[in-house]
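K.L.:
Construct the entire structure; sequences and hints are all you get.
Residue numbers (numbering that gives the first Met the number 0), protein chains in the order written: chain L, 0 to 326; chain G, 0 to 281.
These are computed hints drawn from the structure, not numbers from a lab.
For each residue, glycine too, the CB sits at the ideal point set by N, CA and C.
Please note: incorrect hints may appear among the correct ones.
The list that follows gives simulated cross-link-like pairs (lysine-lysine, DSS-like), each with its CA atoms no further than 25 Å apart [stated by the list, open to error]:
1) L:Lys211 / L:Lys17
2) L:Lys17 / G:Lys47
3) G:Lys280 / L:Lys73
With beta-carbon atoms standing in for the labels, derived distance ranges [as the list claims (entries may be wrong)]:
4) L:Ala57 / G:Arg193: 22 to 32 Å
5) G:Arg193 / L:Thr54: 46 to 56 Å
6) G:Ile67 / L:Asp110: 47 to 57 Å
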Amino acid sequence: MRYAVEAEGLVKRFGSTKALDGVDLAVAEGSVLGVLGPNGAGKTTAVRILATLLTPDAGSARVLGHDVLKDGVKVRRQIGLTGQYASVDEDLTGTENLVLIGRLLDLPRRDARSRAKELLASFDLTEAADRPAKNYSGGMRRRLDLAASLVGRPAVMYLDEPTTGLDPSKREDMWKLVRGLVADGTTVLLTTQYLDEADALADEIAVIDHGKVIASGTPAELKHIVGGQTIQVRPLDPEDLPAVAGILNTISTGRAESPARGVLSVPVAGDEALADVAIRLAAEGIAVAEFSLRLPSLDEVFFSLTGRHETPPDDPESSDITREDAA
Amino acid sequence: MSTLTAPDTAPSTSAIPAAPMGSQYGGRDGLRASTQHVLTLAGRTITKIRRTPEQLVDATLQPILFVILFVYLFGAAVAGSRHDYTEFVIPSIMAQTLLFASMTIGVNLNTDIKKGVFDRFRSLPISRSAPLIGAVLGELVRFVIGACFVIGFGYVIGFRVHTNAFEAIAGVLLVLLFAISVCWVSVFIGMLVREPGAVQGFGFLLMFPLTFGSTTFVKAATLPGWLQAWVHVNPVTHLVEAVRGLMLGGPVAWPVAQSLLWSFGIAAVFMPLAIRAYRRKV
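P.N.:
Dropping the structure here:
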């Protein structure tokens, strides 16, 4: 497997805080790595080092074979970066923002203009093209920011919490855009606080906490370690509840519980259980109002990986149960 | 684990054939590309000024208020004749205006960095200092507009150049050069201080003693000894004397030389300091 991004032993201190404490990451060419962690885990610091915006105190990293420390300009020619806070120039219009980036990437004026036009069209911003970005909505700003990072057709994209603060429908749009990038062959490193986002987009997930990778693997592997997935069923007719409980109890090692009136939930080991339950419900002719597989929240992931609940970043380093056995 | 070494094998992110990603850096091409980046970034400042002309108020309306205030309120009392004072004060208010205007860039850059625009620039394959140099260069437009406003308004109320157009323009250029150098002080402050508002505060704190504690509004001979001592070492005094000489006649060689030395000196010290602080900050 060829790696587009490789990092070994990254360490970064800010004063007395160790933001990164020996992080290894590898992103296979053309794949998506999801870096999952709470606020202050070191996700942004890692991305900024890989984008040559920060210098690590120790460790090394390469992007498409170029060393981030020695070959900064070559690295920057291959990457695109979209941060948590849209870094567009609010006083400039959408077109002006993109043309500016194009010109700084040494595109001739005409090419910069046509590239801007094409990107604005594909990000559904044509109508807003000549309005200053300060009048854009949050979602439009994010899209413009993403477009700005794509002007140079980067081979590697860093998306630092691309959906934090977006409402659910805009989140889906952003996911679609990311999938589009991947379909075009772009390698993506994505940071997120949401397991469902990493699950939806990533080929591999690295869970990061207190500047360390505490687990990594495919989403399936990770979910297997973490557990905590539950199936929830709400039959249309409450009369069917005992029958539903019967079905759920046979597919799970746990017992069906009722988290809310008229709803039954049961822990399951994997996604396959969902199909099993669906088939049996259909076989017994039970109509359902609600039927879902719930993924564990970040907090639950952390609890099962570290034995403690997600804590503020300034807490003392806890090194008790760190697991690296996923991959 | 194999490592990719040929970036051109990297997949294109679009069906459209990849556009040329620019010249190889180094040598003359590198210099040409860097110059192009700086000019592009200066253009960004100019676009912003064009879009929100109200941000020029410090370089346009404010100096006019100063001229009116000083000429009509104090003019007759300070110089005996309003007309004499107009001649005396227009060249120096132009200098003062541009020096105050040079503090704006620190505020703007501080804001830019806070908003993350500079992260975008820094993730591009351009020289790290290009965004700063471009921003400083873009300020020239603000300065030229400010100078035109002061001199233009001066002409309306009776100011006349006594030398010739060539010397008068040389005077304006001298002030532009000085103000551009002082921009680097402002950039430096902008990198050190956390809030844009605080940058403005520090800028004023610096500019008040420099512009008022000089011969901008009064002749040195009228001042108490300790203040005269400060006025004589203040670089703004040399600048003001040089512009006055170039526009109204009188000795210019020494004050012009002093002003040039100060301009280069300030830039030589504060440009590296500002760039270093910028690299640390972002």
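K.L.:
Has the hinted range 22 to 32 Å been met by the Cβ atoms of alanine 57 (chain L) and arginine 193 (chain G)?
P.N.:
Distance hint for alanine 57 (chain L), arginine 193 (chain G) holds at roughly 28 Å.
K.L.:
Does the Cβ-Cβ separation between arginine 193 (chain G) and threonine 54 (chain L) fall within 46 to 56 Å?
P.N.:
22 Å, violated
K.L.:
Take a look at whether the Cβ-Cβ distance between isoleucine 67 (chain G) and aspartate 110 (chain L) falls inside 47 to 57 Å.
P.N.:
Once the Cβ atoms are compared, 51 Å apart, the range 47 to 57 Å for aspartate 110 (chain L) and isoleucine 67 (chain G) holds.
K.L.:
Is lysine 280 (chain G) within 25 Å of lysine 73 (chain L), Cα to Cα?
P.N.:
Between lysine 280 (chain G) and lysine 73 (chain L) the Cα gap is close to 23 Å, so the pair holds against 25 Å.
K.L.:
Taking only the CA atoms, is the gap from lysine 211 (chain L) to lysine 17 (chain L) under or equal to 25 Å?
P.N.:
This hinted pair holds, its Cα atoms lying about 10 Å apart.
K.L.:
Taking only the CA atoms, is the gap from lysine 17 (chain L) to lysine 47 (chain G) under or equal to 25 Å?
P.N.:
Between lysine 17 (chain L) and lysine 47 (chain G) the Cα gap is close to 39 Å, so the pair fails against 25 Å, i.e. violated.
Of the numbered hints stated above, those contradicted by the structure are hints 2 and 5, listed in ascending order.
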